[in-house]
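> Here is how the chains run, residue by residue.
There are 2 protein chains.
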Amino acid sequence: MQISGASYIAGQWCIAEGADKFFGFSPKLNQPLTTPIFEATEQMLQQAVSAAEQAFVVYRQTSPAERATFLYAIADEIEALGEQLLEVTHQETNLPLVRLQGERGRTMNQLRAFAQSLEQCKNGLLDLDIKDQADPNRTPLAKPYTHLSYLPVGVVAVFGASNFPYAFSTLGGDTAAALAAGCPVVMKSHTAHPVTSELMTHAIDKAIAKTGMPKGVFSMIQAKGYGIAHQLVAAQPIKAVGFTGSFGVAQKLMETIATRKEAIPFYGELGSTNPQVVFAQKAAEQGKQLAQSLCQSVLMGNGQFCTSPGLWLVPSDAEELIEEAIEQLSQSKSDTLLSPNIVRSFKRSVELLKNAQGVSLLAQGVLEQTFHANAHLFCTDANTYMENKQLHEEVFGPSVMMVKYDNAQQLKQLVDSLEGQLSASIHGSNNDFVTNAQLIEALQYKVGRIIENQMPTGVEVCASMNHGGPFPSSTDVRSTSVGLNAMLRFLRPICRQRAE
Amino acid sequence: MQISGASYIAGQWCIAEGADKFFGFSPKLNQPLTTPIFEATEQMLQQAVSAAEQAFVVYRQTSPAERATFLYAIADEIEALGEQLLEVTHQETNLPLVRLQGERGRTMNQLRAFAQSLEQCKNGLLDLDIKDQADPNRTPLAKPYTHLSYLPVGVVAVFGASNFPYAFSTLGGDTAAALAAGCPVVMKSHTAHPVTSELMTHAIDKAIAKTGMPKGVFSMIQAKGYGIAHQLVAAQPIKAVGFTGSFGVAQKLMETIATRKEAIPFYGELGSTNPQVVFAQKAAEQGKQLAQSLCQSVLMGNGQFCTSPGLWLVPSDAEELIEEAIEQLSQSKSDTLLSPNIVRSFKRSVELLKNAQGVSLLAQGVLEQTFHANAHLFCTDANTYMENKQLHEEVFGPSVMMVKYDNAQQLKQLVDSLEGQLSASIHGSNNDFVTNAQLIEALQYKVGRIIENQMPTGVEVCASMNHGGPFPSSTDVRSTSVGLNAMLRFLRPICRQRAE
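So the sequence lines, in the order shown, correspond to chains X and S. Residue numbering for the first sequence follows UniProt numbering, starting at 1 and increasing by one per position. Residue numbering for the second sequence follows UniProt numbering, starting at 1 and increasing by one per position.
So here's chain X without its partners, still in its complex pose (with noise of 0.2 Å):
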């Protein structure tokens, strides 16, 4: 298939007269791709808002089976790209094709989880269903029938995440969430892939025309410069924003979308350390076994999965645990980041902890490239971690912070210490979730999920899943961005009244 580099707005591939080019970047070569990309104009993307606005009064009125339908569609066509896809993400993003097939395979689930939650709604969408029967004689005032269920909330505008080109991005959960909820959706392509976009872009193209949708119901912006993602934003019909990324990104676009007359939810899944919370009697009994399992769940992605394991609560005298953990990452070889912007970050923030007070450099991988990125294993004391606040920040990247505790007092003190996160695992025994109940207790309050004796990477896409957390690990704690669930983000309740 031959790259355009253009944007799609409301089923026609556009490019802008003299529009401004940027390119692609490959983290093997380290240097630009060659495929020159468009940039977007604030008149296609106010065109695109429009389209999507005039196509919800349509799609809104699909049904649950429909929708359903041109899932299903958007999955298939996504596997119809074939090689092409996994080898232009490869030269994108210079993740391994085996987690690239993976994560197709989950992009393709994901759609298709969805479609089956919505042929299996009886009542509409999502099932919410509940109704009070009218009883005319009450008094002093005859109770009237009443049923509540959803609507859509309007057009939905998502951003890409660079970590997951796939799942979190242009077809990814936010995407099939919206659609499957009834929402049209206005993509801001992330710029670290453009090329996949446009392939994906291509697939829901194909999706569209086969099952007959309007053709404003999904848009892609490719876009280097900050202020189409600020106009998407504060675009009146946008109704709702799904946005994995940055801290410091994620609260520029809050700024902006607080100066809309109408509030919008702002769905934005930041980061974490997620922390790991090592027992006395585990790191006894199964320390070097488990720092193997810790190490991996790092190295996965090269520690760029927002579930990565980047702090860790370890007994003092975990010694096994520590040694194992100073030999494995000593060994691991460095691999590439997703973009040169991530490398920098993640070189500046390892500088940063190595000349941190109190924090000492325990092992480091092997750096092959100066461009890669290797494993560093930092360690502190709990109280000079609970003082410096800079070392609770996450790093994007294979980092880890071990803190030591010295009793159960302190490791309270520390969980207490902890901002909001999307996750944290307790490795224990019986024995100590025992002794540790009420440390557990207070540690819920700090996550989105807690795990028992698993690691964090990996969530499964499933109806009891959340993927979300406390601030700053997201912006809204009531919702979850992968999970069936992920669909009420894009709901709301309306109540039908009547006598009877």
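It is possible that part of the hints are untrue.
Copies of the same chain look alike in the list, so a pair counts if it fits in one copy or across any two.
The calculated EDC-like cross-link candidates involving lysine to aspartate or glutamate, where the alpha carbons are at most 16 Å apart (straight line), are [as the list claims (entries may be wrong)]:
| hint | residue 1 | residue 2 |
| --- | --- | --- |
| 1 | Lys224 | Glu42 |
| 2 | Lys224 | Glu39 |
| 3 | Lys143 | Glu460 |
| 4 | Lys143 | Glu452 |
| 5 | Lys210 | Glu460 |
| 6 | Lys261 | Asp416 |
| 7 | Lys215 | Glu53 |
| 8 | Lys288 | Glu323 |
| 9 | Lys261 | Asp476 |
| 10 | Lys131 | Glu460 |
No wet-lab data here; the hints were simulated from the structure. Being a predicted model, the structure only gives us computed values, none of them experimental.
Here the structure of chain X is known, so what remains is to put chain S in place on it, guided by the hints.
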């Protein structure tokens, strides 16, 4: 019971040294009341918030059954306040005693309904209890066991409303929902009924003692200055705000919230004109009867309900309906409004409408006292209404804007021009509903509740109610402030994961 004029901070009645005083107001006598109320200080507010934060650690661990017992006890203690409560509130609001009796009953029922719902929880809060079973043999990755349930969000700030001194105030719907969810409440009392608020606080004080709840679970702040309100929503431990009041105040509070580091949900229920769409056949066949019902609904509480039907869309030739409305409202007698501010605002609004181009005043009720508000029936044509956004604004009090439409197309344009509303009623025959199906489909997206052939006033407290709507009628269309789902505003999901 002696009235102290104090604020109630975590079990203590507090008056700051040298505190400023303010006074309630008698709408009936049009003069201030004589009981001094003492302005709370910022320090007192901080004490209340800190105490609530500490109480949260205990209160969140109470079982649903324990919280049910607490809510039942609050309802019982409200009942035990007896006649003094009704007399005081009548003095502060001049709402008729029979109305206040009804509202007191509703307020107790609300608490008991939440309590009942908690008792029926088999699996914890609101029965969110979604599980996915493990599949350890799945390839390439084992599937974990995951379980989704709710946690309370933390300390909730509640602002009382003037127009429902019981049901939407100190121990009203927001407080009941937050306490049911497991969240402590810091309550900013409404200055229009401070003594009512003090009595209600005595009720919850007794219930706290009786059921052994932590003292910080509820505090009540008396303050006339706006500063305290802003300090309250800015305080770090506050995790959600329940507000019922005007658009202007809500906007200011949201500006303060936008300056917080951590974004928190602001649940503002702001008001609405509650369009009454009258279809042709209904107007022709039952115009007179419908006019009577509409006028009765408008005059209820002298128009001071957020669901008061302030906008009527009627066929141009609906002569019988129009004549009857003129007749009814001309004969109606004026009454007080809740506060001098509301009177001023009402008089200013009707003056503006009297002078608005293309708007005629068809009827006004008898003005018995200059400080009263009398009914006003304004009339305009569809084009004038659509062109002048000022005519769309809610007039809080007994005022109606009747807009005449010539045909179905014009009615559709009118519906499309509407802002978000709490509710709308459609008055028609079955035939009307079939003919106007597309219009009704569109109207749904403007409202939180759509009502067939009934008045919008009288919001049923039940599981299938929705009281909330698209902006600007409320600030979070995904939530309701009436009905059992009101609890959802103060809960958030958590996933618990383990291997099996």
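> Now look at each hint and say whether the structure bears it out.
Hint by hint, here is what the structure shows:
1. Lys224 - Glu42: So Lys224 and Glu42 pass the 16 Å test inside one copy only (13 Å; across, 46 Å).
2. Lys224 - Glu39: Close inside one copy (7 Å), not across copies (53 Å); limit 16 Å.
3. Lys143 - Glu460: Classified as between; 7 Å across copies, 44 Å inside a copy.
4. Lys143 - Glu452: between (48 Å within a copy, 14 Å between copies)
5. Lys210 - Glu460: neither (30 Å within a copy, 45 Å between copies)
6. Lys261 - Asp416: neither (37 Å within a copy, 18 Å between copies)
7. Lys215 - Glu53: within (11 Å within a copy, 50 Å between copies)
8. Lys288 - Glu323: Within one copy only: 8 Å inside a chain, 88 Å across chains, cut-off 16 Å.
9. Lys261 - Asp476: between (20 Å within a copy, 13 Å between copies)
10. Lys131 - Glu460: Between copies only: 12 Å across, 33 Å inside.
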